[in-house]
Amino acid sequence: MFLFLRRRIIYSLVALLGVTIAVFFLGRLNGSPALVYLPVGASKQQIDLYNHQHGFDQPLPTQFWQFLVSVVHFDFGESLSQQKPASQVIFEALPQTLLLAGVALLITLIFALFLGTVSAMKPFGNADRSITFVSLAIGSVPDFWFALVCIMFFAVFLRLVPTAGVAGPSSWILPVATLALAPIGGMTQVVRGAMIEALGSGYVQNARARGFGRWRLAFRHSLRNAALPIVTFTGDRAVHLFNGTIIVSSVFAWPGIGYQMVNGVLNRDFPVVQAGVFIIGLMVVIINIVIDFAYALIDPRVRVS
Amino acid sequence: MTQLRTSDDTTAMILSGSTVSTSRRDSAAWARFRLLLRMPLPLTAVCVLIAFVLISIIGGPLSFHAANAQNLDLRLLKPFTLEHGWLYVLGGDGLGRSMLAELVYGMRTSLLVAAIVVAASAIIGGAIGLISGYVGGWVDTAIMRIGDVIVTLPSLLIALAVLFVLSPSMLNLIIVLTITRIPVYMRTARAQTLAVREQVFVEASRALGARSGRIVFHDVQPLIVPTILTLAMLELAGVMLSAAGLSFLGVGLQRPSVDLGTMVSDGRSYLAVAWWATVFPGIAIAIAALAANIVSNWLRAVSNPMTSGALAASTTRNPEA
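Just so you know, the sequences run in chain order B and W.
Residue 79 in the numbering used here sits at position 79 of the first sequence; the count goes up by one each step and never skips.
Residue 241 in the numbering used here sits at position 241 of the second sequence; the count goes up by one each step and never skips.
The set of hints was computed from the structure by calculation and includes no laboratory data.
Because the structure is a prediction, the values reported are computed rather than measured.
We put the CB at the ideal spot given by N, CA and C, even for glycine.
Heads up, a few of these hints could be off.
Partner residues aside, some chain B positions facing chain W, computed with beta carbon under 10 angstroms [stated by the list, open to error]:
#, residue
1, S12
2, G77
3, S81
4, P142
5, V239
6, T245
Estimated spans, in silico, between C-beta atoms of each pair [claimed, not checked]:
#, chain 1, residue 1, chain 2, residue 2, range
7, B, R301, W, L41, 37 to 45 angstroms
8, W, I50, B, L158, 36 to 44 angstroms
9, B, Q88, W, E198, 50 to 58 angstroms
10, B, S81, W, V135, 46 to 54 angstroms
Make the full structure from the sequences, and use the hints.
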């Protein structure tokens, strides 16, 4: 087990190093980092001065070393639009994002486990056809558009929930629904596939012959064996929920990482964008390690290999 | 029924990586086509996609002028009226442009961007995965680790960050989306290559003196293409939605280029007064994405030997479902 986890953790750290290199070159993608950091319209003297002050006129390896040192200290420079360090901007927004994504993931799992299992009980039956169609349909709706239509109907027309911001439980309904919509569609399909396979296996047939009810067959006998692909997909969705939070932040003015990232892009605040990319990369690496732990817990075979 | 069984067997052979002659593959395609004709939902989806493509090809160039022509008298004109000509049957947007013309032109752009991104990432990712899997060793390791980095970051985040540094344009949008989608094909092509590489016919080819390049692109590649095509179909809807999302956030396409995401973003300012400016473009994306998803879901069910039998049986038992 420890061998497996150690290898996975090393892989993740390599990926994190890759993310760091990517962030480093992101600032140098158009030739001069000063053009990215400084506001549009900076004079030649300002640019030269900036380059000299921040060591951007040094050789590239030296620059990279300095960058690595500052990344280890979470030092991405001062935010240009807010008077505090860029990493502080992101860290302050992090809890709101994680909480929102966590709630959305939980809702996704509950819906998908139920719908996918019902689908798998009789593949290509009527229930399965309807569920498959609905899950494809909700996976095809653009999330930003769904959010706007919900605001229009529930917030502007019916006045049931606030249009934006965080104020009480009702303000969570639309953002969570927006975030969970597409993942429910995809996850239902994954649960369906995994459950069809698990329900078809010999020991489940045996249990069926012994007269167990179908819900017990599904949740007591099959779920654990169907869990691996579901866990993999959950990890995958957890990562992609960050995509969703960017959209949700933009539409609902949700004060999370996405809000800071989008504002960072619109205000040309590169330190914040850079810190956001790195810290989300770090979160993803942590999620991946957690998923690997879950693997080892669920499947004894993983522990031995 | 015999035709169907041939299809299943052939698909199973393709997926398990055995050799298939071209004539048998043709008959498999034909069998799939006949199966499609018996299934109303996938058939409708295919027709919708074809219709959207035709409208884009024919209507796109015609609508470019109208999609950008402003008529301030017709600002936020209500839809479903022919008073101001058929061009305004779906109403006008915030600057009095014809919603219909914008929708046609926006659909063309969205489909074009998605098609280019999917084709480019499938070809590049497929080729890299193929070579990486065949060559193996440290080259393979290095390529796969780079893929890991791209997959580690949420795609929208990469796109947002890169489009921050590069200026937003159609070309940059396509490049960024392509880069984020490449690893998907890379991993799939590599996994299949690893399996096919060990097959006897590859060995035979090598024994006959074929060079690596010929083995990879002549022997191994044809077996991987069907999987990559199925995957590409699956990706189409996702890429359309991502591109629209970026345009919505304001880092994708910008006027005078219009795509459906730009339209939703414009309509957002008039949310409380003109629902149609937001609702119509969203419905257009959703229908196109749904059609693509249905087709890909069907393709996956047919090409999976575990489910294709049940699928074929279910259509004969219950033809109208």
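Hints, verified against the model:
1. S12: holds (8 angstroms)
2. G77: With a closest approach of 15 angstroms, the G77/B hint is violated.
3. S81: Nearest chain W Cβ about 13 angstroms off; hint violated.
4. P142: holds (5 angstroms)
5. V239: Hint holds; V239/B Cβ to chain W Cβ min 6 angstroms, cut 10 angstroms.
6. T245: Status holds, d = 9 angstroms.
7. R301/B with L41/W: 37 to 45 angstroms: holds (39 angstroms)
8. I50/W with L158/B: 36 to 44 angstroms: holds (39 angstroms)
9. Q88/B with E198/W: 50 to 58 angstroms: Given a distance of about 53 angstroms, which is inside 50 to 58 angstroms, the answer is holds.
10. S81/B with V135/W: 46 to 54 angstroms: About 47 angstroms separates the Cβ atoms of S81/B and V135/W, which means 46 to 54 angstroms holds.
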